[in-house]
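Protein chains in written order, with my numbering: chain A, 1 to 269; chain B, 1001 to 1252.
I should point out that these hints are in silico values taken from the structure, not numbers from a laboratory. Incorrect hints may have been included.
Unchecked claim - Calculated pairs, EDC-like style, for lysine to aspartate or glutamate (alpha carbon to alpha carbon, straight line, at most 16 Å): (1) Lys1081(B) x Asp1197(B); (2) Lys20(A) x Asp1197(B); (3) Lys1139(B) x Asp16(A); (4) Lys1210(B) x Glu1228(B); (5) Lys1210(B) x Asp1197(B); (6) Lys1110(B) x Glu224(A); (7) Lys1133(B) x Glu21(A).
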Amino acid sequence: MNSITDSLYNLRLLDDLARKETRIHRMHPMVKLLVTAAYLFTVISFGRYEIIGLLPLILYPVVIFILAELPVWPILKRVLLVEPLIIGIGILNPLFDHQAVTLGGLEISEGWITFLSIFLKCGLTVTAGLLLIATTGMDRLAAAFRMLGVPRLFVLQLLLTYRYISVLAGEVARILRAYSLRSPGQKGIHRNAWGPLTGQLILRTFERAQRVYQAMCLRGFSGEYNTGGNKRTGTGDMAFLVIWILFFAAAGVYNIPMLIGSFLMGEYR
Amino acid sequence: MSHHITEVKDLHYIYPDGHRAVNGISFTIHHGESVGIIGANGAGKSTLLMLLMGIIFPCVGEVRVGEVLMTKKTLPLIRHKMGMVFQDPDDQLFMTSVYDDVAFGPRNCKLDEKEVEKRVLQALEMVGILHLKDRAPFKLSGGEKRAAAIASVLSMQPDILVMDEPTAALDPKSRRRIMKLLQGFEHTKIITSHDLDMVFELCKRTIVIKNGEIAADGPTSEILVNEELMDACGLEIPLALQSCPVCRKREK
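Chain A extracted, bound-state conformation:
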């Protein structure tokens, strides 16, 4: 019961974080969107046996975490929520792909390597996505999508879905509270009540959504979600974009850990 109210508050955490005023937060939303897209592209472009090459890409989330002064644990917790899904997808890899490789004297199946690579890629991409929202906020992100020419309807859909999640969750919390107060000593919801409760929920959310929509119309809403002035991109923004894209390209083309390793070894020799 409490958990849904808690998650309602947790849901707004990213919005709260997005209101911070750090250098990263002040950056142009489109730049952040492009950098994130480039990052995602780089991460997923790695082959399934490459793990070492992926490691330098951890630098990006680390830098953003530090510069944007974001709390690490609450965001990582959200990443972990997705990981079981990935474990479900990847756990069979070691069974199907059991060609053995030797890694530092240890013999393991290649399946484990692909599994680890999927796990890592998922972690990195989801973190990057969450960081984008936590440093930009949904509203400004939507503005960035519009600037990139994404059709109005899609952007509106995204924004309103995001908004209505909390409306829906709020109604769920209220219905569950009313139910649990009148069913002492019962765990969960009896299956007889599932139907009426869901029906209730749909009707209530419809009504609520309609009132919210009316309130929007009365304040001049006509289909375009205006999220405020779009500032221009500055030199700092461009530098941020160029540096990261160069870095991603370098990480994609060269195996940086290997290069550093051989460089150090060469030095020592």
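Knowing the structure of chain A, use the given hints to seat chain B on it.
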């Protein structure tokens, strides 16, 4: 502020299920007037407000705001002149911060961001919650939410304020604060409420609705003290005018 008359002529509205919610209502509200619309539950107050705001259109009759007939085409114009504060502020506040919420209307008017900022700060200042501008609306208290909802309408700079139960679910101090705030506004005010004491203090004129029709329309000081009329319409005279609960005597 230009001279504005809100004119309602022979308004009828029948819901799709056949329920006659509004049944031939006519009245004229002049510029700067503050009018209370009262009635028992289901009397047709909310439907009347929705008709006034053009959320629904009447089956018969017309609404005119400042000489402009309300049609689908004139709606944007009319909604610039009239602002409505909803009963549940949560319906009205849906952006991530109070500032963005109050800025929602002006931004829809395509004002430039400087003007938007000016209006938002002005509206927040008027309702006394400038310090809350960066807070998330869902973290505010009931009274603060109500003030934010009012600010979000004020930022559109309407001439007419329509309010549905502005004092509902507020603690006594917050209620008093909102009432003081409303008292200070020069706008034309149309307020529906069951809080008859508030209507008694804020509105010079009262319209009583019963079964979708006007049962009485006149000075508040005459209507709200009319025990017989109030009783017939499912209402009571304001608490302040009732017998003192301790000595059982009515204060004169």
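Going through the hints against the structure:
For the proposed pair Lys1081(B) and Asp1197(B), the alpha carbon gap of about 28 Å is over 16 Å, so the pair is violated. At most 16 Å may separate the alpha-carbon atoms for a hinted pair to count; Lys20(A) and Asp1197(B) exceed this at roughly 44 Å. With a C-alpha separation of about 11 Å, the suggested pair Lys1139(B) and Asp16(A) falls inside the 16 Å cut-off, and the hint holds. A distance of roughly 14 Å separates the Cα atoms of Lys1210(B) and Glu1228(B); the hinted pair therefore holds under the 16 Å criterion.
Of the supplied pair hints, the one linking Lys1210(B) and Asp1197(B) is violated, its CA atoms being roughly 19 Å apart against a limit of 16 Å. Restraint check for Lys1110(B) and Glu224(A): the C-alpha separation of about 10 Å stays at or below 16 Å, so the hint holds. Of the pairs offered as hints, the one joining Lys1133(B) and Glu21(A) holds, with about 15 Å between alpha carbons and a cut-off of 16 Å not exceeded.
Violated hints for the displayed structure, listed by number in ascending order: 1, 2 and 5.
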